[in-house]
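Take the position in the sequence shown, starting the count at 1, then add 10; the result is the number in our numbering.
To be clear, the hints were calculated from the coordinates, so they are not data collected in a lab. Note that CB positions come from ideal geometry on N, CA and C, so glycine has one too. Hints may contain errors.
Said to hold, decoys possible - Derived BS3-like pairs: lysine-lysine, alpha-carbon spacing no greater than 27 Å straight-line:
1. K86 x K14
2. K532 x K545
3. K595 x K313
4. K545 x K557
5. K611 x K545
6. K449 x K532
7. K63 x K128
8. K64 x K269
9. K19 x K265
10. K309 x K332
11. K313 x K328
12. K86 x K38
13. K166 x K64
14. K557 x K532
15. K269 x K63
16. K313 x K166
To be verified - The calculated label-pair distances, taken between Cβ atoms and stated as ranges, are:
17. L492 x M558: 25 to 33 Å
18. S303 x F588: 48 to 56 Å
19. S495 x G95: 37 to 45 Å
20. P533 x L403: 13 to 21 Å
21. E161 x E567: 52 to 60 Å
22. S303 x K128: 25 to 33 Å
23. V579 x N496: 16 to 24 Å
24. E27 x F588: 31 to 39 Å
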Amino acid sequence: MNIKKSSIKELETLCKEIREEILRVVSKNGGHLSSTLGATELIVAMHEVFDSKKDPFIFDVSHQSYAHKLLTGRWKEFDTLRQFGGLCGYTKPSESEHDYFVAGHSSTSISLGVGAAKAIALKGEQDSRVPVVMIGDGAMTAGMVYEALNELGERKYPMVIILNDNEMSISKPIGAISRILSSAMASPFYQNFKKHTENFVDNFGDGARYIAKRMEESLKLITPGILFEEMGVDYIGPVDGHNLTSLIEILQKAKELKKPVIVHVQTIKGKGYEIAEGHEEKWHGVGPFDISSGNAAKKSTLKSATQIYAEALLHLAKQNGKIVGATAAMPSGTGLNELMEVYPDRFWDVAIAEQHAVTSMAALAKEGFKPFCTIYSTFLQRGYDQIIHDTCLMNLPVVFALDRAGIVGEDGETHQGAFDISFLRAIPNMTLFAPRDEKSFHQAMAFASEYPYPCSLRYPRGSFTQTTLPESLPFELAKSQLLRSNNSDILFIGYGNGVGRAYESASFLDFEVNILDLRFVKPLDEEMLREMAKKHKKWFVFSDSAKMGGVGSAILEFLSREKILHVEVVSFEYEDRFITHGNTKQVEESLGLLPAQLAKKVTLLAG
11 MNIKKSSIKE LETLCKEIRE EILRVVSKNG GHLSSTLGAT ELIVAMHEVF DSKKDPFIFD
71 VSHQSYAHKL LTGRWKEFDT LRQFGGLCGY TKPSESEHDY FVAGHSSTSI SLGVGAAKAI
131 ALKGEQDSRV PVVMIGDGAM TAGMVYEALN ELGERKYPMV IILNDNEMSI SKPIGAISRI
191 LSSAMASPFY QNFKKHTENF VDNFGDGARY IAKRMEESLK LITPGILFEE MGVDYIGPVD
251 GHNLTSLIEI LQKAKELKKP VIVHVQTIKG KGYEIAEGHE EKWHGVGPFD ISSGNAAKKS
311 TLKSATQIYA EALLHLAKQN GKIVGATAAM PSGTGLNELM EVYPDRFWDV AIAEQHAVTS
371 MAALAKEGFK PFCTIYSTFL QRGYDQIIHD TCLMNLPVVF ALDRAGIVGE DGETHQGAFD
431 ISFLRAIPNM TLFAPRDEKS FHQAMAFASE YPYPCSLRYP RGSFTQTTLP ESLPFELAKS
491 QLLRSNNSDI LFIGYGNGVG RAYESASFLD FEVNILDLRF VKPLDEEMLR EMAKKHKKWF
551 VFSDSAKMGG VGSAILEFLS REKILHVEVV SFEYEDRFIT HGNTKQVEES LGLLPAQLAK
611 KVTLLAG
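Input sequences plus hints: build the corresponding full structure.
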């Protein structure tokens, strides 16, 4: 279908078909649902007004871009969404020329739009191209958005920013008055009147300027866009995000303004699928489910590491009133929602603001509290300077609990928790350790709650590797645990979830190996490693982390410093590349990291 030559009725039918296809595929594959259903008319209107081949279409996070994928030649491939070797769940330029930028983390879109607008201006293409940004109300909680708006309002680059307000209700429409005013503010008459008025007051001095300013401010107070107007960005809205006629009309006018403008659009999450409509967080991202009932297709009976963390932290919080915590817009994802319900004055969701989360917890630590900063591994990257400058430089006892460390599956490159060991290990005063199973997790948390300096522990998405491991001992600083000892020349060194992987790999071998749970990668158990070097000459490292700067690197640095040259170290950590999306087992198989594959490698290398 040629959208630009279609009638409104045909476009409305297209929206219905898009919703049905999204619902069908997401119910089968899992994925983001409520926000992408809600954005359907909005994305169709964007494609009717703009040209995604030349106008940069920039989706913030881009989890709501499924309709965009369907409209840009990927309908036949849509069945492969989030599958290994199939379509990515986010925008990806290598997948389509219609995808302007890789996205997966929040609140980057307006900065990208400003950069694109600068490039368009430098190329002299402002008459034929304009950046189009779609950003959700949740993403507007991050400071990076306002850094970008601050510059945009000053430099006045043409850009259309669509604020998709689907949950937080930044403001409520004021009935017919709001709709009429929104359309009027986008009209050529109003914009010309505003321009001529500005020229008039410039010529007639301070008195006229004061009167005009007061009149303009009075008008703005009728609308909810005063913040954006004061930053120098025109505001239009609120607009009904499910009325195609209004959307197309307003977006066309916004495009013609040739200036930065925010179009505030209100949509309903889950629109078109009654079970998911509204603000239920569980429909934001889902696994496979039955469309007719909304019930999950299958539920794991295994306790997740996130559940164990929440239970352990709640237990500690009941015993110690000084324990507090924060997460950045992921209360249910990190399990912190349970603590927020029990202790609403001690545990907080600070919104999409990892930098603020880290620094605010540092201040609480200075005041004598024990903060647990609970953030996905991939999102802690956004607070790196704050970890260094505001936490470790002051040597403050903040605990960084890193959920989803390792491969996370279908969310892919932007979400894999590969780098936290590498980037945290370089920071002075930081201590790094990891549990291997449920009991060791409780013991690690007990250690963390008493540790008087900055520290971080990591744990996987879902459950720990399911294998029977020896009884865990309490955690002591820089102390490992030897789990299996024999006369073999081979030592398996596991870290965190890598311990279970080491055990599983050993089960495929027809010879004995020794197994060490490293527990601490900073500081290392140097005494134990010296002892192991006397007995075992071939060491194999198992950790769900990047190889560069990771666990193997830490061990090699120690051996080099100690001038222990006879030990051969092989690391089974991730190679120096970004890891694709797909079912976790399939991704691990593609990387050669399944236990049977690792056992074959060990057999070959062991000679």
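Outcome of the hint check:
1. K86 x K14: Holds, at roughly 21 Å.
2. K532 x K545: Given that 27 Å is the threshold and the Cα spacing comes to 23 Å, the pair holds.
3. K595 x K313: Holds, at roughly 18 Å.
4. K545 x K557: Cα-Cα ~25 Å, so holds.
5. K611 x K545: holds (22 Å)
6. K449 x K532: Holds, at roughly 21 Å.
7. K63 x K128: holds (18 Å)
8. K64 x K269: With Cα atoms ~18 Å apart, K64 and K269 stay inside 27 Å; holds.
9. K19 x K265: Roughly 23 Å between the alpha carbons, so the hint for K19 and K265 holds.
10. K309 x K332: At roughly 35 Å apart (the allowed maximum being 27 Å), K332 and K309 break the hint.
11. K313 x K328: Within the cut-off at roughly 22 Å; holds.
12. K86 x K38: holds (15 Å)
13. K166 x K64: Holds, at about 20 Å.
14. K557 x K532: holds (15 Å)
15. K269 x K63: Holds - the C-alpha atoms of K63 and K269 are around 21 Å apart, at most 27 Å.
16. K313 x K166: violated (52 Å)
17. L492 x M558: 25 to 33 Å: Given range 25 to 33 Å: holds, Cβ gap about 27 Å.
18. S303 x F588: 48 to 56 Å: Roughly 37 Å apart at Cβ, these two residues miss the hinted range, so it is violated.
19. S495 x G95: 37 to 45 Å: At 42 Å between Cβs, range holds.
20. P533 x L403: 13 to 21 Å: At roughly 19 Å between Cβ atoms, L403 and P533 fall inside 13 to 21 Å, so the hint holds.
21. E161 x E567: 52 to 60 Å: Violated - the Cβ-Cβ distance for E161 and E567, about 42 Å, lies outside 52 to 60 Å.
22. S303 x K128: 25 to 33 Å: Taking Cβ atoms as reference, S303 and K128 lie about 50 Å apart, which means the hint is violated.
23. V579 x N496: 16 to 24 Å: holds (20 Å)
24. E27 x F588: 31 to 39 Å: Once the Cβ atoms are compared, 34 Å apart, the range 31 to 39 Å for F588 and E27 holds.
Checked against the numbered hints listed earlier, the structure breaks hints 10, 16, 18, 21, 22; every other hint is satisfied.
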